[in-house]
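Colleague: Each chain, letter by letter, is given below.
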Amino acid sequence: MERKSPLFAAFLYVSALLLAVVILAPILWLFVMSISPAADLAAKPLRWWPETPDFSRYATLLSTLENSAGAAFTASLRNSLEVAGMATLAAIALAIPAGWAVSRTPSIGWSLSLVIATYMLPPVALAVPLYMGLAHLGMLNNVFGLALVYLTILAPFTTWLMKSGFDSIPKEIEAAAMMDGAGLFQTLRIITLPLAMPVMATSALFAFLLAWDEFFYALLFTSDQRAKTLTVAIADLAGGRVSDYGLIATAGVLAALPPVLIGLVMQRALISGLTNGGVKG
Amino acid sequence: MSALEITNIRKSYGDVETLKGIDISLESGEFLVLLGSSGCGKSTLLNIIAGLAEATSGDIRIGDRSVLGVHPKDRDIAMVFQSYALYPNLTVHRNIGFGLEMRKVPAAERDKAVREAAKLLQIEPLLDRKPSQLSGGQRQRVAIGRALVRKPNVFLFDEPLSNLDAKLRMEMRTELKRLHQMLKTTVVYVTHDQIEAMTLATRIAVMRDGKIEQLGTPDEIYNRPQTLYVATFVGAPPMNLLDATVTGGALSIDGTPIVLPLPQTIKPLADSQKLVVGIRPEALHLDEQGALEVVCEVAELTGPELIVTGRSGAQQLMACLPPRSALAAGQSFRLGFAPEAMCLFDRATGMRCD
Numbered sequence: 000m001e002r003k004s005p006l007f008a009a010f011l012y013v014s015a016l017l018l019a020v021v022i023l024a025p026i027l028w029l030f031v032m033s034i035s036p037a038a039d040l041a042a043k044p045l046r047w048w049p050e051t052p053d054f055s056r057y058a059t060l061l062s063t064l065e066n067s068a069g070a071a072f073t074a075s076l077r078n079s080l081e082v083a084g085m086a087t088l089a090a091i092a093l094a095i096p097a098g099w100a101v102s103r104t105p106s107i108g109w110s111l112s113l114v115i116a117t118y119m120l121p122p123v124a125l126a127v128p129l130y131m132g133l134a135h136l137g138m139l140n141n142v143f144g145l146a147l148v149y150l151t152i153l154a155p156f157t158t159w160l161m162k163s164g165f166d167s168i169p170k171e172i173e174a175a176a177m178m179d180g181a182g183l184f185q186t187l188r189i190i191t192l193p194l195a196m197p198v199m200a201t202s203a204l205f206a207f208l209l210a211w212d213e214f215f216y217a218l219l220f221t222s223d224q225r226a227k228t229l230t231v232a233i234a235d236l237a238g239g240r241v242s243d244y245g246l247i248a249t250a251g252v253l254a255a256l257p258p259v260l261i262g263l264v265m266q267r268a269l270i271s272g273l274t275n276g277g278v279k280g
Numbered sequence: 000m001s002a003l004e005i006t007n008i009r010k011s012y013g014d015v016e017t018l019k020g021i022d023i024s025l026e027s028g029e030f031l032v033l034l035g036s037s038g039c040g041k042s043t044l045l046n047i048i049a050g051l052a053e054a055t056s057g058d059i060r061i062g063d064r065s066v067l068g069v070h071p072k073d074r075d076i077a078m079v080f081q082s083y084a085l086y087p088n089l090t091v092h093r094n095i096g097f098g099l100e101m102r103k104v105p106a107a108e109r110d111k112a113v114r115e116a117a118k119l120l121q122i123e124p125l126l127d128r129k130p131s132q133l134s135g136g137q138r139q140r141v142a143i144g145r146a147l148v149r150k151p152n153v154f155l156f157d158e159p160l161s162n163l164d165a166k167l168r169m170e171m172r173t174e175l176k177r178l179h180q181m182l183k184t185t186v187v188y189v190t191h192d193q194i195e196a197m198t199l200a201t202r203i204a205v206m207r208d209g210k211i212e213q214l215g216t217p218d219e220i221y222n223r224p225q226t227l228y229v230a231t232f233v234g235a236p237p238m239n240l241l242d243a244t245v246t247g248g249a250l251s252i253d254g255t256p257i258v259l260p261l262p263q264t265i266k267p268l269a270d271s272q273k274l275v276v277g278i279r280p281e282a283l284h285l286d287e288q289g290a291l292e293v294v295c296e297v298a299e300l301t302g303p304e305l306i307v308t309g310r311s312g313a314q315q316l317m318a319c320l321p322p323r324s325a326l327a328a329g330q331s332f333r334l335g336f337a338p339e340a341m342c343l344f345d346r347a348t349g350m351r352c353d
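Here the protein sequences come in this chain order: A and B. Numbering that gives the first Met the number 0 puts the first sequence at residues 0 to 280. Numbering that gives the first Met the number 0 puts the second sequence at residues 0 to 353.
Hints may contain errors.
DEER-style ranges, computed between Cβ atoms [claimed, not checked]:
| id | chain 1 | residue 1 | chain 2 | residue 2 | range |
| --- | --- | --- | --- | --- | --- |
| 1 | B | N7 | A | K170 | 24 to 30 Å |
| 2 | A | K170 | B | K150 | 48 to 54 Å |
| 3 | B | D58 | A | L113 | 37 to 43 Å |
| 4 | A | L218 | B | G68 | 55 to 61 Å |
The calculated lysine-lysine pairs, modelled on DSBU-like cross-linking and capped at a C-alpha distance of 30 Å, are [what the hints assert, rightly or not]:
| id | chain 1 | residue 1 | chain 2 | residue 2 |
| --- | --- | --- | --- | --- |
| 5 | A | K162 | B | K150 |
| 6 | B | K176 | B | K150 |
| 7 | B | K129 | A | K170 |
| 8 | B | K118 | B | K183 |
| 9 | B | K118 | B | K210 |
| 10 | B | K210 | A | K170 |
| 11 | A | K170 | B | K166 |
| 12 | A | K162 | B | K129 |
| 13 | B | K266 | A | K170 |
| 14 | A | K170 | B | K150 |
| 15 | B | K129 | B | K118 |
| 16 | B | K72 | A | K170 |
| 17 | B | K150 | B | K129 |
| 18 | B | K183 | B | K150 |
| 19 | B | K273 | A | K170 |
| 20 | A | K162 | B | K166 |
Derived by calculation from the structure, the hints in this document are not laboratory data. Each residue gets a CB set at the ideal place from its N, CA and C atoms; glycine is no exception.
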C-alpha cells in the first residue's frame, strides 16, 4: 500500500468524503430545520439556508415556565438522564462480577447464552408481563420502574461485552496476583478492572445509548412529566393537530447532545491497547 | 529436612489421566528440572505444586507441611510464568513489590527489598517504567525479581526462557544459574529444552506420559540413561541406537558383520536375546582398529565439530568428530569408542539391562 497511484489516492479521498456526507447530512439538515422559520420549511422550492436564523425554538424548549412546552421538555430530558444513567450504572455493576465469573469459569458459559437467548425475544412479547409486573409493584410511570426494565435489556448486553473484555486479559496475570497474596477483590480492583477499563467504557457508552434511544417501553410505561423520557416527549410534539417540524428538529438536536458529550468525555478510555506489554514481548 | 515432598500425585481430567503417580523428594537448595516434551504433564505438576490446580490424589508437603487445599498465597512459593504475567498497569517498582504490598509490609521496608532485588538483577534504572516499555529480557528479569523479593521457600519456573531469542536465552540461563548459586534457594523448573535442563539442574526428572521416566543428576541422565526414551530425549544429536542380538557371549549388530564384546560388568544375558546398543555420537572417534565400519553419507561442519551421518550395513549412525577430519560422502572409515560409553537396553521393554 506504500505506492499508490494518484488516481487511487483521489478515489480514497472521494470515498471518505462521500461517507462523511452520508453520515453528517441528516444531522446538518436537522440543525438547519431547527433554526428555519416555519414558512421556510414548507416553501417551494426548498430553502437550504434560512434568511434569518431563528433560535427562538431552543429558548422555547429550554424555558422552565410552568405548563409550557419547555417545562415538559426539560422534565423529560431530566427523566431520560436519570433513567439511562441509573440503568447504565446498574448494568455495569452487574456485568463486572457476572462477566468475570463467566469468563474465568468456562463451564458455566451456558448460563450467559441462556440469558442472551431471552434477549432475542421481541419487546412486544414481554410488554404485557412487564406492565403487569410494574403495576403490581406500583412502579408504573416511575423513573425507577423504567430504569429497572431497561436494566433487563442492558445487563445481558453489558455482561456479554465485559466477558469478552475479561477474556482478553490473560489468566496468568490473575494467578500471579493470587500468589502474590492479593484477595479476589484486591485483584479485581488493582489489576483486572484497570486493564478492563476500555471495554468497560465501551459497554457503558453503548448501554447508555441503548437506554437513551429506547421508545417502546417508555411509551407504554410512562404517562406524564414525572417519568416520560425524551423519545416519548419528542413523539408528543408530533402528536397534536399542528406539528411544528422545526420544534421536533430542535428537540432532536438537544436530545443528541448528551450522548455526544459522554462519547467525547469517554474517548480517552475507549482507546484500548492498555494490556500491551503485560505478557510476552 | 526436605523442602518439597511430592507423594504419589495423580491428576485426571475426566477419563484422561495426565499424572500417573509422581514421587519426588527435594532437599533444600536443590534445583529440580522437570524435563519432557509437550503434553507429558510437567506443567500440570508445577501447577499442582503452585496450587493453581488440585491433584486428584496424593500429597504435597512444602517445608514439612501438607499444602493440600492451602491457598497459593499461603504456600510460601513464588512462580515465574512463561508469559511473565507482569501487571501491565503498574510500574516495575510496584510489580516487584506487589507481593510485599499485599502482605502489608511497610513502605520503607518494601522499597528497600525492591531496590535490593533490582540491583541483583541489574534493572535499577527501569523501576519507574511500565512493563510495555521493557524488552523481553528486561520483563523476564522483572518477573524473576517479583518472585525473588518475597524470599519464598520454593521457586517455581514455568518455561521462563522459551519466549526469548537464542542469545538472550543463553545469557539468562547463566544468570539463573548464578542466582541459584548465590541464593541457594529450592527451585522447580519446567522446560522442554534439554540444554537448559542439563546446565541448570542439580537433578533432572525426565517425564513421559504422566510418569517419571528417570530421576537423577544431569550426569546420570546423560551417561547412564535408564530407558531408551531418556537416552534419545537427552543429547543432540541423539544417541545412536543399533539393534543387536546376543550370540555366543558376544553382541552381533543386526544386518552387519560387526560383533562387539559384551562388557564384563553386565549381568548374564540369554543367548539370542534382542538388545539395543546405545552409543552417543560424541563418544565415537576415528580409529583404524575401531569396531564399527561406516560409509559416510553426509558430513556437516557446524564449526566446533563435524557431524557425520553414515551407514553401517542396514544401520544408521551419527558421529561428532573433530572439525578437521577429512571425510567426504561415499568414503569408508572406521569408528572406535570406549567400552564404558556403550549402553545396553532390552529391545522389548526399553529398559537398561546392565
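Colleague: List, from low to high, the hint numbers that the structure doesn't satisfy.
Modeller: 2, 5, 9, 13, 19, 20
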